[in-house]
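Undergrad: Listed below are the residues making up each chain.
Protein chains: 4
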Amino acid sequence: MAAHAERYRDVGRVLVTCPDRPGIVAAISGLLFRHGANITELQQYSTDPFGGTFFLRIEFHREELVSGLAAIEDGLATIAAEPAMGGGMRWRVTTPAARHRVAIFVSKADHALQELLWRTHAGELAMDVRMVVSNHDDLRSAATDWGIPFHHVPVTSTTRDEAESRALALLDGEVDLVVLARYMQILTPRFLAAYPDRVINIHHSFLPAFVGADPYGAAARRGVKLIGATAHYVTADLDAGPIIEQDIERVDHRHQVADLRRIGRHVERAVLARAVGWHLEDRVIVHSNTTIVFA
Amino acid sequence: MAAHAERYRDVGRVLVTCPDRPGIVAAISGLLFRHGANITELQQYSTDPFGGTFFLRIEFHREELVSGLAAIEDGLATIAAEPAMGGGMRWRVTTPAARHRVAIFVSKADHALQELLWRTHAGELAMDVRMVVSNHDDLRSAATDWGIPFHHVPVTSTTRDEAESRALALLDGEVDLVVLARYMQILTPRFLAAYPDRVINIHHSFLPAFVGADPYGAAARRGVKLIGATAHYVTADLDAGPIIEQDIERVDHRHQVADLRRIGRHVERAVLARAVGWHLEDRVIVHSNTTIVFA
Amino acid sequence: MAAHAERYRDVGRVLVTCPDRPGIVAAISGLLFRHGANITELQQYSTDPFGGTFFLRIEFHREELVSGLAAIEDGLATIAAEPAMGGGMRWRVTTPAARHRVAIFVSKADHALQELLWRTHAGELAMDVRMVVSNHDDLRSAATDWGIPFHHVPVTSTTRDEAESRALALLDGEVDLVVLARYMQILTPRFLAAYPDRVINIHHSFLPAFVGADPYGAAARRGVKLIGATAHYVTADLDAGPIIEQDIERVDHRHQVADLRRIGRHVERAVLARAVGWHLEDRVIVHSNTTIVFA
Amino acid sequence: MAAHAERYRDVGRVLVTCPDRPGIVAAISGLLFRHGANITELQQYSTDPFGGTFFLRIEFHREELVSGLAAIEDGLATIAAEPAMGGGMRWRVTTPAARHRVAIFVSKADHALQELLWRTHAGELAMDVRMVVSNHDDLRSAATDWGIPFHHVPVTSTTRDEAESRALALLDGEVDLVVLARYMQILTPRFLAAYPDRVINIHHSFLPAFVGADPYGAAARRGVKLIGATAHYVTADLDAGPIIEQDIERVDHRHQVADLRRIGRHVERAVLARAVGWHLEDRVIVHSNTTIVFA
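Chains as they are written, first to last, in full-length UniProt numbering: chain A, 1 to 295; chain B, 1 to 295; chain C, 1 to 295; chain D, 1 to 295.
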């Protein structure tokens, strides 16, 4: 943790989404240069150089960052206010020395949770896991063994709203990101509105898709050869939010439904960990229902 | 071609699907041994050792195969007639020295056709491509350059039945397998009934699936990170037949719809070639709507 | 654990390596059938049907297995004694209800250990981890948190023999398999002779190989695009024993040496877990310096 | 071809390698903006923001590019001449409307050649294949069928220098890039000096490496599970030049040496095609013995 703060001391990131027009890179890189910042990583993408949307992620180093941040932010605000932007530029500056504060929601399956906690412990995920929240009590020690508070918030069909209120109260002011690590409850629009583009979910995926109550069974009955997982931001349109990351593993006819589920777990934990890692490093920009991932 | 015939001289294959019960492997391997056959490859699979379905593929070598085949087939018929089988055993013996005779159906895209012809030429696919059939004339030279007859059978909404009759007449007695290598017409149940489990198709697939007229566009709008392809046997239930093989390639936000299509082509040709190869080597057994692939 | 014993009650496995000749499958499957065993899985491979070596793995179910084992073993011994075998048949029967007893050796890195313990806990690896042995004390709690005895056996250049004797004494009669999960000491031929084909190691691999003290640095200086890992049985010829499993992950120029090491850890833990799993299920047969893996 | 020229009309690329220091991106993006160029793609990388080497690739669009190129080049020369650069900045501007002119060298194997020609034909590789050169006559029609001149330049141990002179004469003024598509002769330093960082080779690779006369045999005897290929720029240090791309395919114990070679061919053609494609799009920058690949 101290190592993280040390590594990212004086490091900042600029994230910009705006209408594409000539001169954006020159304007922002010039601004940073004038304020003593050295660009260490720059990625950009334009959906169409002629009238499309432009995305920019810059990581920079500036001595005594704290004393220069306000001027950089003022400069970005000035660029955003230029008439050529037509009011359509969104921007933010982040300081990664302060790690994201995260709540992990789980139900009974522990694979995704264990992976996230192990990678955090190994220094691979720069997050401060503030709490684990679950609608069951099963995974309490999986959290508390790592010294992380565990909150059991039961959910029943009649207590859904009340339970969600309780969860929101636990999170309030405490976390920047919610990771659903096989949390088997549906969040309401109210919850999602409180954390826009900041709730990440993981779920199984197949080629082609199998919908309904028993997707692994349906996949087995069709003889699928690949088991996949998709990590995405949660939107009100269930399981149809912008995709952050996907991957698959091969299977064959010898895999019974239980095997498919087991392999699905391995894909899920790897995909979720990568998606969360990119989010924590401010590498994911949501645009309509897609993501720009500056991996 | 001569090399193929030489390599597979005196090689036979036994394929069996039957109710699982103790003693099947002993009965069939004993039969082969008594008739001078040496098993060179054996694969089996049971959906459930207690009351499930059993699948067996044996490749064997027998000196002067021709003179022993009838006795082996008689022996298999006798086993199939045993009361314990309850009449549920299906079996066949194939002799790979005689290559499968194949028709390839195409429309305008040449990638899958070129791959199949190149692999055939390179000795990787043991098939005798008897003809290329297309509803367009564009790929004529792609076939005739390799010395393969090309038949242009136009299809319009009013001539569909007539066109299909013409295609069936071309195939009749000439081919054992039909490969749809990006053939953009739908085959009728009449056609499929003539070639049960012997029409292989390739189509794109995504995690999750995108249905409708513009799947690549829909995939791009959701930000998919994988482009896949599925090779399957064609059944009357469009694009829902038993899957033989699948694979994917990674993409990211920089891939425009045209790039996704290009990458899709690469996945399609590789997946189709693998599926066809396994079929030609009698490695694929269809069971309900799944496949057993003894790859 | 109880679930494991229940699932494998009355399950046995036959493993055979012998000179290939006609009739082997018939003889052994006939033997099993006569003794009431139902084959549930059978895999075979021959290096050459004419004068090569034949490998067979059969998993079978037999009611009251205990009462039938001796007769099956007698039958196998009789087959092995046939003149046609020329004394060259090796065979064994295993009963998976009794899980393999395993010692895991580690040094300071915990990734491979954590993965093995998590998969064991999740029921994916059917092993009884009897102890963790290390030349350092760092990973004590990683073992004891899961209730597994931890033995700190320091090794210095002057105490190597003594330390190894101490380790051998800990293992004696207690374990069937030794897994080196990033154990950074070299085992002597004396140790390896006590556990032939029963010490599994994991190490990094590259395309091409980079030898010497700093392989990740050398790989970075050449611009490699893949980081791999190889799991193999340990022989006296350091890191050149029969390979069980390999895999890779993609990297690019942005990955610094520390990133390559981190990614290497992920590949290592996945590859080691798969290799150990196949060993535990008696799916790996060593032949000269190669492996037959009936995965 | 016309489509290519149309698509890239008025498109330019700037490629820069220089000592890293603050302000580079601002200087170059400012220059482009002042001269009417709109950045459509920008990638940068620094080995170390403090005293490392900086790499930049910018693709831009400028109306009437021809009339503005000289001014942009002058501006880059001015930046390169700044004292802060210490004389260490290398840069170039390319205009992709003019496709690279390429010679493909082959021996007897056609897989890599066919793939390159098919992808060129399909519009996936933006190159003008000026000639195929071979030390054998076998692949003449593979070239001439596509309308490409074929030159048979036999090489024997006594005519090596003379043959190479003949090849150099064929290339002189005609090509910008030489692709060795399974060309089994070693090029001399004289040849390589004429095409620095412009000769791309493909060769098989394994984890670990197997050196000597029979690498596939050695790999089989160790039981490798992955077959790989490496595309790299050729340097005087045989097969040790900077790596552009690598990939692998899985194999198992059933693959005989001939199968490994066949699978090796598939990996080789895919890896070579990707490497050539990135080179053609100016996405590869050589740095010491590594590559920066802005894929």
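Misleading hints may appear alongside valid ones.
Because identical chains cannot be distinguished in the list, a pair is counted as satisfied if it fits within a single copy or across any two copies.
Claimed, not checked - Here are the computed lysine to aspartate or glutamate pairs in the DMTMM-like style, where the Cα-Cα straight-line distance is at most 25 Å:
(1) Lys-108 x Glu-82
(2) Lys-108 x Glu-162
(3) Lys-108 x Asp-10
(4) Lys-108 x Glu-6
(5) Lys-108 x Asp-282
These aren't lab readings, by the way, just hints derived from the structure by calculation.
Note that this is a predicted model, so its numbers are computed, not measured.
Undergrad: Does the structure break any of the earlier hints, and which numbers would those be?
TA: 1, 3 and 5
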